[in-house]
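Same order as they appear, the protein sequences are chains F and P.
Residue numbering for the first sequence follows this note's numbering, beginning at 1 and increasing consecutively.
Residue numbering for the second sequence follows this note's numbering, beginning at 1 and increasing consecutively.
Some hints could be false.
Stated by the list, open to error - Short, incomplete list of chain P residues facing chain F, as computed with Cβ under 10 Å:
id : residue
1  : Q86
2  : Q93
3  : G94
4  : K150
5  : D155
6  : V158
7  : R184
8  : A261
9  : Q265
Think of the hints as simulated: they come from the structure by calculation, not from any bench.
Glycine included, each C-beta is placed from N, C-alpha and C at the ideal position.
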Amino acid sequence: MNRRSAFFFLAAFATLLTLAFLLAPVVAVFSYAGPGRLLDALGDESSREALLLSLRTTLIAVAIVIAVGTPAAYLLASREFRGRSLVLTAIELPLVMPPAVAGIALLAAFGPNGLLGGLVDDAGVELVFQTAGVVVALVFVSAPFFLRAAIAAFAAIDNRLLEAARTLGAGPFRSFATVALPSARTGLASGVALAWGRALGEFGATLLFAGSLQGVTQTAPLAIFSDFSKPDGFVSALALSAVLIVVSAALLLGVKLLGGDRAIEAAPTP
Amino acid sequence: MRRLRPTGRFVVPGLTNRLIGLALALMVGVALVGCGGSGEGASSGGSEGDGSLLVLGASSLTEAVGEYAESFAGAEVKASFAGSDQLAAQIRQGAGADLFLSADTDYPAELFREGLVEKPRVFAANELVIAVPGDSELSSLSDLAEPGTKIVIGDPSVPVGAYTRTVLERLSAAEREAILGNVRSEEPEVSAVIAKVAQGAADAGFVYATDARSAGDAVKTIAIPAGLQPQVAYAGAVVAASGNSEAASEFLDGLIEREGAEDLQRAGFLPPP
């Protein structure tokens, strides 16, 4: 065997090992109890409530992220200013923050005894132990995924297009809506998918900041954790896991089909 | 402008396909094995003869058993603490543990019936109390029925949550409903309940007397009347598949009558009933 084929053999073995290791748990979720028992377990009221709550809170969180994040990302992508890379790094911080840290940090900021707890209270808003608190946790952890993709997508727009819009008399709002948004749509869409995926999987920050109560704050990941330890709960935990895997896989596939992963890879590193 | 990605041009095209095929075949294999063996449960042993001891302990035992584990001479002890229900689930899934220390007697009894642990022995008792923040104005169990009081309790499957429900069941229906209506979160373990009270996020939480004690000045306690008090007993059991059952049994002995019992007592635990 020459050196070239020896290398291919080793690389092939490593690839095989990687694929098998990464996919075995996924396959096991579906095959451990079999599809019939998984479907039965999804009929549980607590499972259904958890899935509905996850759907509701993640949709609200992603809507907030899109509404506030899109103009912010546009500004950050199109302006040069001192400390820009610092700002971009700060935005990405929640990406690498352990979820439990995010939960503690949110509690320290917006909890009843938190630094901004008084303001939250004065505004008549209650977050801790409330569905609104779940949304806050989801926005915190998922926003960076959208912002990163959106900044990259806006930065990749050919400046000449925007200049042309301006010379043709379009104001800043119009050129943002008719030129920037359509040009960046694939990047934005993949950012939405990634943010949504992260929000669906959120666990630690939600548990620490919002707590866990069926129908109010117990999202699907929290229900999985709660079910896991119940007698005969393993199967319903698997059933919820299977749903989350399918949805996440669909989101990931969406990103790939949109080609959004390329837009993100091309992101200017801060 | 989009950057072109480097493509895997140097890979022989057919090789990738064959690799993926092989991986998929492997997956199907895993799936088949999974289906065949589903629910067979624990088979792997404990810490395999390297002399160390893996103890799975209820969350409320963290300090006392942690201290005892450090001084235990029989073996090097690694202790992992979580809700007793989670630990029981881990043992059912074949976690390679040697000793299970539960905050109740039900979980060890269940595992014993399933043949996963040896006969459980009760090694300590505790009391349930209501923990409130240090500056709280709440002073009795019936205050918890006040509308708007934010209460956290344990999840029904964790022992502290089950004990809490035992207490509530002994109240009048009206009072029970009022208190349950004030429950804002069901936490996976007692340490999470006490943390939410100590942090001031919750107005009150049902915890063990020992947890309230170790939380210091951040919380004060409201006693639960003796007539309502559940019998909180801690049982331990050597895991049947343990590779080090002698040391595990010795560790449990120490908790019942020797140094471990002293550590438990210092932390505020009561002797077994």
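Now for the hints, and whether the structure bears them out:
For Q86/P, the interface hint holds, since its Cβ comes within 10 Å of a Cβ in chain F; the closest pair sits about 4 Å apart. Given the 10 Å rule on beta carbons, the hint for Q93/P holds: about 8 Å separates it from the nearest Cβ of chain F. The beta carbon of G94/P comes no nearer than 12 Å to any beta carbon in chain F, farther than 10 Å, and the hint placing it at the interface is violated. With 10 Å as the threshold, the beta carbon of K150/P comes within range of chain F, its nearest partner Cβ sitting at about 6 Å, so the hint holds.
Evaluation of the D155/P hint against chain F yields a held restraint, the C-beta minimum of about 6 Å falling below 10 Å. A least Cβ separation of about 7 Å between V158/P and chain F falls short of the 10 Å threshold, and the interface hint therefore holds. Interface hint at R184/P: satisfied, since its Cβ lies 4 Å from the closest Cβ of chain F, which is below the 10 Å cut-off. At its closest, the beta carbon of A261/P sits 28 Å from a beta carbon of chain F; the interface hint therefore is violated under the 10 Å criterion.
With a cut of 10 Å, the hint placing Q265/P at the interface with chain F is violated, because the nearest CB-to-CB distance is about 29 Å.
In summary, the numbered hints that this structure violates are 3, 8, 9.
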